[in-house]
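Protein chains in written order, with the UniProt record's numbering: chain A, 1 to 356; chain B, 1 to 356.
Hints were generated in silico from the structure; no laboratory data involved. A couple of the hints might just be wrong.
[Claimed, not checked] In silico lysine-lysine, BS3-like type, Cα no more than 30 Å apart, as pairs: (1) K356(B) - K123(A); (2) K356(A) - K166(A); (3) K288(A) - K123(B); (4) K123(A) - K166(B); (5) K67(B) - K288(B); (6) K166(A) - K123(B); (7) K166(A) - K356(B); (8) K288(B) - K123(A); (9) K333(B) - K123(B); (10) K288(B) - K356(B).
There are 2 protein chains.
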Amino acid sequence: MSAIGATRGENVTAAGVIALLENGRILTTPVLRAAVARLAPPMDTVASYHFGWIDQTGRPADGDGGKAVRPALALLTAEAAGAPAETGIPGAVAVELVHNFSLLHDDLIDGDEQRRHRDTVWKVHGPAQAILVGDALFALANEVLLEQGTPEAGRATRRLTTATRKLIDGQAQDITFEHLERVSVQECLDMEGNKTGSLLACAASIGAVLGGASDADADALEEYGYHLGLAFQAVDDLLGIWGDPASTGKQTWSDLRQRKKSLPVVAALAAGGPASERLGELLAADAKNPENDAFNEEEFAMRAALIEEAGGREWTSQEARRQYATAVAALDKMDMPEEINRKLVGLADFVVVREK
Amino acid sequence: MSAIGATRGENVTAAGVIALLENGRILTTPVLRAAVARLAPPMDTVASYHFGWIDQTGRPADGDGGKAVRPALALLTAEAAGAPAETGIPGAVAVELVHNFSLLHDDLIDGDEQRRHRDTVWKVHGPAQAILVGDALFALANEVLLEQGTPEAGRATRRLTTATRKLIDGQAQDITFEHLERVSVQECLDMEGNKTGSLLACAASIGAVLGGASDADADALEEYGYHLGLAFQAVDDLLGIWGDPASTGKQTWSDLRQRKKSLPVVAALAAGGPASERLGELLAADAKNPENDAFNEEEFAMRAALIEEAGGREWTSQEARRQYATAVAALDKMDMPEEINRKLVGLADFVVVREK
């Protein structure tokens, strides 16, 4: 059963999307690994652990490197602009580097001990390495793009830089929200647009920019990516409360443990009614006692049930569908090969039906 | 009495250099403040505290924003390339942003509680803000440059990005060295070249690049800046052991407390003789007992005396003079107005005779 129960598009099968993601990984990983190998020791080793290429003892591993939606987008949208998929590779690598820079820092800031079923970098190699390797990946992202030395690479770097600053804004908003008693649905969507939408928007346009697309076409693809990001995040927020730890690789009730003001929570608080009010009282008590983390599983289960009863789960499922629809509609603003359009729709389908 | 007892150049007085630094600050600060104001709250406030524009309570302050050598270099070298000083402003701002990104992260990593006579950001606003605001300043640096939208800005961003990655490499080497029993003089110079030389090299070339300089001229200015950085760092290493806390704003014996393998230490270890051997024994004992920080003032004073007796202090003073000479000689590789050459020499004089 998927998180929001959407149906896949008719044209690209699940197997087709998985092949698309795999192809993106195959084209991108060697370039990514070569870039990471430039880092001074021990940062090269720490980064290789983070990407799942080696285990804690330094032995080669075949780790779960994540879903790799971003690289697939960068390559597909190079093709959308009429260029070969390979043109998008430096963009795909740069976006992956920025994404992983943000994961390294966010896991440390949030105190997350697990990612992709493994201990996080700060847990294994310490906070200093998590900070430094994150910084290094961010620098490397710009370096990989700019050493192309073309005007297109300059434009791509500018879009990536702006996306990265928004991503950092989003993380700052996210941790601020954890300490607030109330956050509006709009504030939450703004935060998630910054934190998740901006980098997916960049992933969806960077290949096209490298392939020589016009600003208007790049903007249409950014719009697709931005709303795809919001759909992605809505599903993530559902999985953050009701996801199966065996699939997600995170703890049960992960977002509730961290007091995240995610979409289901803010939608439930905004809904009114007895469950909404009870939830509001609990969160108000939390805000007065920010250090209390002595909750047990039953407390989290009860809160999750209140959020569902107040309608937060259903609203977030519908929001994922709304954002999905906006994303797919944006594709029509650009003239692109029908086959690429179908693949981009297929990727969007995949994002909203995933279970991890 | 200066740290290395060098004499100033005859042509630019101390007052002239101070006016040069002040002019750089006046031209750069409004653009820097406008850039920082773009950050999402509370990062704008945290960054303003870091730069000394406000105090801990948010009231306007007239803080010590640092020596501002880098902005002055960026503006002067725009003029070296025949462009107006103002052409260098986005470069000056970008380099200052990268420099302060690295200070925010390094202070957290090193556990430094004081900078410029004030509590550091992680101490006042917490580690999460130190990480995030550092990240945001790094992103902003690239944004400020790239939004110029010129090919020169693309070239400048590429140099800045490479310098930033080397700077991060240098910080990684620095913290690795703290846990090693022995580091060679050459390894220490490589580390300091990455950590301090690369960004000063960029500061010294970025204005010229924005002003349309050839790659050869930009490389000559980078060479000046790189060796100036090594001279700067040698003086810093002397001040890190023998500096007056009232001037430096740091603790007494600051680098010894942090077990830094700075130049005076590695030179003393490499020198041989009784004092060198005794120092080696003490550091070997430290390495076996990395958690011991129960040393008192007398222990640090005794170690500093051993370093001096072994010749580490004198060698580092001479090294600062050698690097200074190499820096100044590099200026002759570029055809520039005589007045600008004299100012760049004056700045180098200032760097090696400073007491903080």
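Each hint, compared with the structure:
Proximity of K356(B) to K123(A) is assessed by CA-CA distance (about 37 Å); at most 30 Å being required, the pair is judged violated. The hinted pair formed by K356(A) and K166(A) meets the criterion: a straight-line CA distance of about 25 Å does not exceed 30 Å. Between K288(A) and K123(B) the alpha-carbon distance is near 23 Å, which keeps this suggested pair within the 30 Å criterion. Between the alpha carbons of K123(A) and K166(B) the distance comes to roughly 25 Å, so the proposed pair stays at or under 30 Å and holds.
For the suggested pair K67(B) and K288(B), the alpha carbons sit about 38 Å apart, so the restraint of at most 30 Å is broken. A hinted pair counts as satisfied when its Cα atoms are at most 30 Å apart, and K166(A) with K123(B) qualifies at roughly 25 Å. A C-alpha spacing of about 37 Å is found between K166(A) and K356(B), which places the hinted pair above 30 Å, so the restraint is violated. Of the supplied pair hints, the one linking K288(B) and K123(A) holds, its CA atoms being roughly 23 Å apart against a limit of 30 Å.
This hinted pair does not check out: K333(B) and K123(B) have alpha carbons roughly 45 Å apart, beyond 30 Å. The straight-line distance between the Cα atoms of K288(B) and K356(B) is roughly 33 Å, outside the 30 Å bound, and the hint therefore fails.
When each numbered hint is compared with the structure, violations occur for hints 1, 5, 7, 9, 10.
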